[in-house]
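**Q** Take a look at the letters that make up each chain.
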Amino acid sequence: MDVQKPGRMSAVETRESGAIVARARAGDAEAWGDLYREFAPAIFRFCRRALPTREDAEDATMEIFMKIRDKLDQYDATRPFSSWLYKVAANHCWDMLRRRKNRQDKETDDSEALPLEHPDPNQLDQLIEKRTSEEVRKALDKLGSRARMALVLRYYSDMSYDEIADSLGVRRAFVGVVLLRARHELRQALEGTGAMAAGGAR
Amino acid sequence: MSSMSSPPNYHEREAPEHLDEMTCMLYLERQLERTRALEVSAHAQDCATCRTLLRAMERESRLLTRAMLEEEEPLPARIAAFQQRVHRSMQWIWMVVFGLAATAVYAMYTGYIEPWEQRLEQAGFGGTSLLSLLIFQGSFWKGWQSMISLVEILALVTLGGFAVLAARRHFRRGSALALVLTGLCAAFVSAPPAAATEFKSGPSIQISKDETIKGDVYATGQEISVDGTIDGDLYVWAQEATVRGHITGDVFLFVQTGRIEGQVDGNVRGACNNVTISGTVGRNLMTWTQVINVDSRGSVGRSVTSFSQTLGIDGKVGGDLFVFNQSTRIAGKIGGNIDEKSETLTIEDTAEVTGSIKFEGSREPNVSKKAKLASQVQFTQHVRHRNEFGKTSAFWAVVLVVAFALYGMMLFLIVPSFAQEATAAAENVGASMGLGLLVFFGVLIGAMIAVVTLVGMFVGLSTFFLWAIAVYAAQPIVGALLGQWILGRTTHTWPLIGRMLVGVFLIRVCTLLPHGWILKVVVTLWGLGAISLALYRRFQPVAPVQAPYVPPSAPLTPLTPAV
Numbered sequence: 001m002d003v004q005k006p007g008r009m010s011a012v013e014t015r016e017s018g019a020i021v022a023r024a025r026a027g028d029a030e031a032w033g034d035l036y037r038e039f040a041p042a043i044f045r046f047c048r049r050a051l052p053t054r055e056d057a058e059d060a061t062m063e064i065f066m067k068i069r070d071k072l073d074q075y076d077a078t079r080p081f082s083s084w085l086y087k088v089a090a091n092h093c094w095d096m097l098r099r100r101k102n103r104q105d106k107e108t109d110d111s112e113a114l115p116l117e118h119p120d121p122n123q124l125d126q127l128i129e130k131r132t133s134e135e136v137r138k139a140l141d142k143l144g145s146r147a148r149m150a151l152v153l154r155y156y157s158d159m160s161y162d163e164i165a166d167s168l169g170v171r172r173a174f175v176g177v178v179l180l181r182a183r184h185e186l187r188q189a190l191e192g193t194g195a196m197a198a199g200g201a202r
Numbered sequence: 203m204s205s206m207s208s209p210p211n212y213h214e215r216e217a218p219e220h221l222d223e224m225t226c227m228l229y230l231e232r233q234l235e236r237t238r239a240l241e242v243s244a245h246a247q248d249c250a251t252c253r254t255l256l257r258a259m260e261r262e263s264r265l266l267t268r269a270m271l272e273e274e275e276p277l278p279a280r281i282a283a284f285q286q287r288v289h290r291s292m293q294w295i296w297m298v299v300f301g302l303a304a305t306a307v308y309a310m311y312t313g314y315i316e317p318w319e320q321r322l323e324q325a326g327f328g329g330t331s332l333l334s335l336l337i338f339q340g341s342f343w344k345g346w347q348s349m350i351s352l353v354e355i356l357a358l359v360t361l362g363g364f365a366v367l368a369a370r371r372h373f374r375r376g377s378a379l380a381l382v383l384t385g386l387c388a389a390f391v392s393a394p395p396a397a398a399t400e401f402k403s404g405p406s407i408q409i410s411k412d413e414t415i416k417g418d419v420y421a422t423g424q425e426i427s428v429d430g431t432i433d434g435d436l437y438v439w440a441q442e443a444t445v446r447g448h449i450t451g452d453v454f455l456f457v458q459t460g461r462i463e464g465q466v467d468g469n470v471r472g473a474c475n476n477v478t479i480s481g482t483v484g485r486n487l488m489t490w491t492q493v494i495n496v497d498s499r500g501s502v503g504r505s506v507t508s509f510s511q512t513l514g515i516d517g518k519v520g521g522d523l524f525v526f527n528q529s530t531r532i533a534g535k536i537g538g539n540i541d542e543k544s545e546t547l548t549i550e551d552t553a554e555v556t557g558s559i560k561f562e563g564s565r566e567p568n569v570s571k572k573a574k575l576a577s578q579v580q581f582t583q584h585v586r587h588r589n590e591f592g593k594t595s596a597f598w599a600v601v602l603v604v605a606f607a608l609y610g611m612m613l614f615l616i617v618p619s620f621a622q623e624a625t626a627a628a629e630n631v632g633a634s635m636g637l638g639l640l641v642f643f644g645v646l647i648g649a650m651i652a653v654v655t656l657v658g659m660f661v662g663l664s665t666f667f668l669w670a671i672a673v674y675a676a677q678p679i680v681g682a683l684l685g686q687w688i689l690g691r692t693t694h695t696w697p698l699i700g701r702m703l704v705g706v707f708l709i710r711v712c713t714l715l716p717h718g719w720i721l722k723v724v725v726t727l728w729g730l731g732a733i734s735l736a737l738y739r740r741f742q743p744v745a746p747v748q749a750p751y752v753p754p755s756a757p758l759t760p761l762t763p764a765v
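Just so you know, the sequences run in chain order A and B.
Quick note, in the numbering used here, the first sequence goes up one by one and the last residue is 202.
Quick note, in the numbering used here, the second sequence goes up one by one and the last residue is 765.
Keep in mind that the hints were calculated from the coordinates and are not lab data.
We treat Cβ as the ideally placed atom computed from N, Cα and C, and that holds for glycine.
Treat the hints with care, as some may be off.
On the chain A side, residues computed to face chain B include the following (Cβ under 7 Å) [to be verified]: (1) Ile20; (2) Ala40; (3) Glu55; (4) Val88; (5) Asn91; (6) Lys138.
List time: in silico EDC-like cross-link candidates among lysine to aspartate or glutamate, alpha-carbon distance up to 16 Å [to be verified]: (7) A:Lys138 to B:Glu275; (8) B:Lys535 to B:Glu545; (9) B:Lys574 to B:Asp551; (10) A:Lys138 to B:Asp551.
DEER-style ranges, computed between Cβ atoms [to be verified]: (11) B:Glu400 to A:Glu63: 38 to 48 Å; (12) B:Ala605 to A:Phe174: 35 to 45 Å; (13) A:Gly169 to B:Gly632: 44 to 54 Å; (14) A:Arg69 to B:Trp687: 15 to 25 Å; (15) A:Gly169 to B:Met650: 36 to 46 Å.
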């Protein structure tokens with residue numbers, strides 16, 4: 001069984017959403033309400049994973065939906081609505097993080113400079129087996145904004161590499177590197193010491 | 203995409219025959235070309251180490267997805283209710299606002315502008331600007347009675363709008379609301395504007411003694427004299443106007459020299475250079491003139507309100523005298539009180555005043571001992587600050603900044619969460635201002651009506667009190683938002699107060715600039731709207747939290763090669 005991700009909707013859901021979106025675009029307030037009720041929880045969780053605090057996530061969710069409402073005319077109905085929604089959400093959150101980073105200049109992406117070291121498969125396997133979802137969420141909070149955003153876009157929103165490249169403003173070929181670095185950061189955070197990444201005995 | 207070429211030099215490979223981590227990840231994510239994917243798959247069949255790595259990474263992917271999708275905390279009530287509270291409510295409010303605005307514009311046009319366009323065209327003033335049309339014949343001059351009724355109607359419609367808003371849950375669809383609004387608009391518009399009017403223009407216009415006109419008369423010209431009877435209102439734009447006949451309604455004068463020698467049953471209102479009343483005015487006299495005289499034969503049945511340079515009263519005034527003049531001379535009879543703010547007041551021998559006399563001026567009043575006064579003149583010396591104006595205004599500006607800052611601090615400390623909600627609501631600028639406009643006038647009018655009607659003094663005054671608190675809280679709220687824009691967001695009380703202080707200071711500084719009052723109005727409406735919006739949200743029931751979107755756990759599947 002495959003885990004169904006918010007970005008990956010069934011054909012039925014897509015058709016239903018399409019109809020609702022069409023009505024919302026025509027100015028039907030009820031349809032807009034349905035759309036909000038259907039997608040707000042997922043978008044809030046997206047923001048919650050991507051942004052540092054709960055308050056940020058709440059604000060961002062509301063701002064994203066305000067944006068969506070204004071931009072609904074720009075949505076290409078031939079594509080899945082959820083993809084477009086996540087794209088808008090990703091751009092909004094990423095802009096927010098970048099603005100904050102520029103302003104506060106607190107965060108330094110040290111991880112960019114670190115060389116990636118080969119993991120020990122058995123150690124990695126053990127580490128993953130021992131960790132719970134909650135521990136992973138806590139570890140995610142410790143990651144740099146780009147690493148976290150990349151993981152969220154890929155493993156929460158189920159975005160393609162092209163979409164991730166577009167959202168993060170990196171080359172398509174670099175997306176794999178960003179994701180792998182993010183995984184390494186995550187493993188370090190899970191380990192607490194970074195011993196996992198330094199294991200590399202093969 | 204080829205995995206081997208894409209991540210150059212990304213790690214040191216100790217065993218070249220093993221798959222590197224990037225290849226494993228791209229393979230798992232189905233990013234490898236088919237041939238390369240088959241190679242990887244084949245290699246994994248034979249190599250236990252690589253199989254372990256692939257398996258571990260796949261588990262890592264699943265763990266990540268699961269961790270992210272799990273709903274460990276409920277959807278915040280603020281988010282759950284956001285759409286209901288803001289989107290719908292604002293839609294309704296906007297509909298009400300636009301409905302009212304459209305109705306008012308239509309009523310204004312059909313009631314006032316259209317007839318006057320015709321009138322001006324007849325008089326040869328085609329193409330006059332809308333502004334001058336509004337200034338010269340706007341509803342302001344139509345008479346206070348019609349103003350009152352207009353205010354009442356507006357108040358009713360506004361209150362009706364609020365009632366509809368409050369009851370909106372019962373209307374499931376927008377069409378029902380549209381119907382209600384249409385009904386309101388129709389009722390509002392269907393009240394027909396005053397009918398029968400007669401337009402007269404020319405260098406010299408005369409309504410002769412034996413002539414009687416039924417309905418209102420609008421007259422423009424150089425010299426206008428009315429000797430006959432007008433059974434309605436008279437509006438005059440002229441150099442000179444003389445009324446010797448009988449006007450049953452009101453007289454509106456926009457003239458250089460105006461004389462009322464006959465009888466006016468209603469009110470006389472005017473913006474003139476000089477006006478002389480030698481005849482009878484049945485009701486009130488209100489003028490903006492340089493010189494106004496009620497001569498010894500003249501009488502005004504009720505009050506006289508004067509914004510003039512010089513006022514002289516030799517005749518009779520039945521009611522009160524409200525005067526904002528440079529100099530006033532009273533030699534006639536005043537049936538009511540005198541309330542006067544001017545430079546000088548002279549009360550002559552022949553004067554008789556039945557009520558009290560309050561005078562605020564720069565000099566002591568000159569009161570004749572022979573004058574018959576019911577009570578002594580209560581004089582208040584008017585202190586001039588002109589010489590100290592610079593210092594005084596700077597002083598007051600500082601005092602106001604401190605006052606608003608303290609008021610804001612008090613507000614933010616007493617009701618911190620509400621202050622935060624209001625600040626957040628202020629981010630919705632358009633909606634806040636729209637609502638602010640509605641509340642500013644609607645609540646005030648509602649409170650006034652409550653005071654003077656059956657609803658009662660207590661309710662009205664309480665409402666007014668709350669309204670005033672909200673109006674003064676507007677600046678701190680908007681200040682907090684501006685402060686947040688400058689210094690970044692915060693959810694803690696004291697940092698928010700700090701931002702509020704910065705914002706309030708900025709606002710107060712900006713209001714000192716020329717036309718700063720515009721900013722004051724904008725900020726007041728904005729903040730008031732934000733407060734109203736936050737209040738509105740507070741009193742809304744919270745929507746139920748939605749069930750989790752996706753079940754949290756998913757079992758691992760055996761490793762399968764990508765296709």
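**Q** Run every hint past the structure and note whether it holds.
**A** Results for each hint:
1. Ile20: With a closest approach of 13 Å, the Ile20 (chain A) hint is violated.
2. Ala40: 6 Å, holds
3. Glu55: 5 Å, holds
4. Val88: Violated: closest Cβ of chain B sits about 16 Å from Val88 (chain A), beyond 7 Å.
5. Asn91: Asn91 (chain A) check fails; min Cβ-Cβ to chain B is 19 Å, beyond 7 Å.
6. Lys138: 9 Å, violated
7. A:Lys138 to B:Glu275: OK: Lys138 (chain A) and Glu275 (chain B) at ~14 Å, within 16 Å.
8. B:Lys535 to B:Glu545: The given pair, whose Cα atoms are some 21 Å apart, is violated under the 16 Å limit.
9. B:Lys574 to B:Asp551: 8 Å, holds
10. A:Lys138 to B:Asp551: Distance of about 94 Å is beyond 16 Å: violated.
11. B:Glu400 to A:Glu63: 38 to 48 Å: Since the Cβ atoms of Glu400 (chain B) and Glu63 (chain A) sit about 60 Å apart, the hinted range of 38 to 48 Å is violated.
12. B:Ala605 to A:Phe174: 35 to 45 Å: 57 Å, violated
13. A:Gly169 to B:Gly632: 44 to 54 Å: Between Gly169 (chain A) and Gly632 (chain B), where Cβ atoms are some 31 Å apart, the hint is violated.
14. A:Arg69 to B:Trp687: 15 to 25 Å: Roughly 22 Å apart at Cβ, these two residues keep to the hinted range, so it holds.
15. A:Gly169 to B:Met650: 36 to 46 Å: Cβ of Gly169 (chain A) to Cβ of Met650 (chain B): about 57 Å, so the range 36 to 46 Å is violated.
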